[in-house]
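Can you make the complete structure from the sequences, with help from the hints?
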Amino acid sequence: MPQSSLRPAPRVTPAPHLSHAERTAFAREVARLAVRSLHAELCLYPKPGLVSPVDSGSHDDMDAGTFMRSMFSLRHYFRKICLAGWDGAPFAQLKQLGIAAETAMLKATSGINTHRGAIFSLGMLCATAGRARAQGTPMTPAALRAAMLIRWGEELAMHAAPAGAAPSNGLRVAAQYAVSGAREEGALGLPSVFEVGLPAMLASRERGATVTEERVDTLYTLMAHISDSNIYHRAGPHGAQIVREHAQHFLAQGGTANLNWLAHAVDSHRTFVRHRLSPGGAADLLAACCLVQSIAAMDKP
Numbered sequence: 147m148p149q150s151s152l153r154p155a156p157r158v159t160p161a162p163h164l165s166h167a168e169r170t171a172f173a174r175e176v177a178r179l180a181v182r183s184l185h186a187e188l189c190l191y192p193k194p195g196l197v198s199p200v201d202s203g204s205h206d207d208m209d210a211g212t213f214m215r216s217m218f219s220l221r222h223y224f225r226k227i228c229l230a231g232w233d234g235a236p237f238a239q240l241k242q243l244g245i246a247a248e249t250a251m252l253k254a255t256s257g258i259n260t261h262r263g264a265i266f267s268l269g270m271l272c273a274t275a276g277r278a279r280a281q282g283t284p285m286t287p288a289a290l291r292a293a294m295l296i297r298w299g300e301e302l303a304m305h306a307a308p309a310g311a312a313p314s315n316g317l318r319v320a321a322q323y324a325v326s327g328a329r330e331e332g333a334l335g336l337p338s339v340f341e342v343g344l345p346a347m348l349a350s351r352e353r354g355a356t357v358t359e360e361r362v363d364t365l366y367t368l369m370a371h372i373s374d375s376n377i378y379h380r381a382g383p384h385g386a387q388i389v390r391e392h393a394q395h396f397l398a399q400g401g402t403a404n405l406n407w408l409a410h411a412v413d414s415h416r417t418f419v420r421h422r423l424s425p426g427g428a429a430d431l432l433a434a435c436c437l438v439q440s441i442a443a444m445d446k447p
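Using the working numbering, you'd call the opening residue of the sequence shown number 147 and step up by one each time.
Take the hints with a grain of salt, since some may be wrong.
[To be verified] Quick list of in silico lysine to aspartate or glutamate cross-link-like pairs, DMTMM-like style, CA-CA up to 25 Å:
| no. | residue 1 | residue 2 |
| --- | --- | --- |
| 1 | 226 | 445 |
| 2 | 446 | 352 |
| 3 | 226 | 300 |
| 4 | 241 | 201 |
| 5 | 253 | 301 |
| 6 | 446 | 391 |
| 7 | 253 | 168 |
No wet-lab data here; the hints were simulated from the structure.
Okay, here's the thing in structure tokens:
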């Protein structure tokens, strides 16, 4: 290897000693941002087939109120997992917190799965924020992803291929259709967030898009990119093809830079509802993108 390609490992500077109250305040703020990110995703409209305050999309068993109850049940989880991440807890401990959060969510929603994917992705981001702050590292998107993989990458990879575990809907879909899900995303450090969603969000922002427009563009970009196990579970490969075609067409027309974007998005919404399609995986990743942006902003004066 050429000598010029060798670089010293970055030095980690531990954060100044913080009191228990200061650590708790930080974790509460991260938890608030996580809940706010889920709320931002819920309130976005139009978003094809998904629940919003306007309607229930492709769902008969949930509405915006269901999602609000779910969010409220998760606020303590996000705080606890942030503090666990601060302490560098093993992934097994983070996983137990996630399992408890899922139990609380299902109790709050009478058994309806509203945020299972978000419990994993946003939970890992909250833990990573705690780890980064404890080590005194920046909380830029790139630094957050690196912190996640350095501390939990190996354990996340093992989590993506569990031995002897009862398969979830996502794992059954992955086995049947060779698509990826939340576990695979986690093993790679949430590439759909850091390599797909955030760049799309930034590109829309740089051209002067509104917050709603940048989130719609991001959602459609994620829909065009990911193989959403939610879609495969509900509608198989044909449904997944409909989602991809609508997303790709929307983006090819310029996304929200197109003057008629709202009509196009509403048309997609009606089509998805007719076919009972709900890209929940993309919605969870959109919320994760919002959270990464909010965590990064905590570093700014």
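Now for the hints, and whether the structure bears them out:
As the CA atoms of residue 226 and residue 445 are separated by approximately 21 Å, the hinted pair is consistent with the 25 Å bound. Our distance criterion of 25 Å between C-alpha atoms is met by residue 446 and residue 352, whose separation comes to about 19 Å. Among the hinted pairs, residue 226 with residue 300 is consistent with the structure: their alpha-carbon atoms are about 22 Å apart, no more than 25 Å. For the suggested pair residue 241 and residue 201, the alpha carbons sit about 33 Å apart, so the restraint of at most 25 Å is broken.
A hinted pair counts as satisfied when its Cα atoms are at most 25 Å apart, and residue 253 with residue 301 does not qualify at roughly 29 Å. A hinted pair counts as satisfied when its Cα atoms are at most 25 Å apart, and residue 446 with residue 391 does not qualify at roughly 39 Å. Distance restraint check for residue 253 and residue 168: the Cα-Cα separation of roughly 31 Å exceeds the 25 Å cut-off, and the hinted pair is therefore not satisfied.
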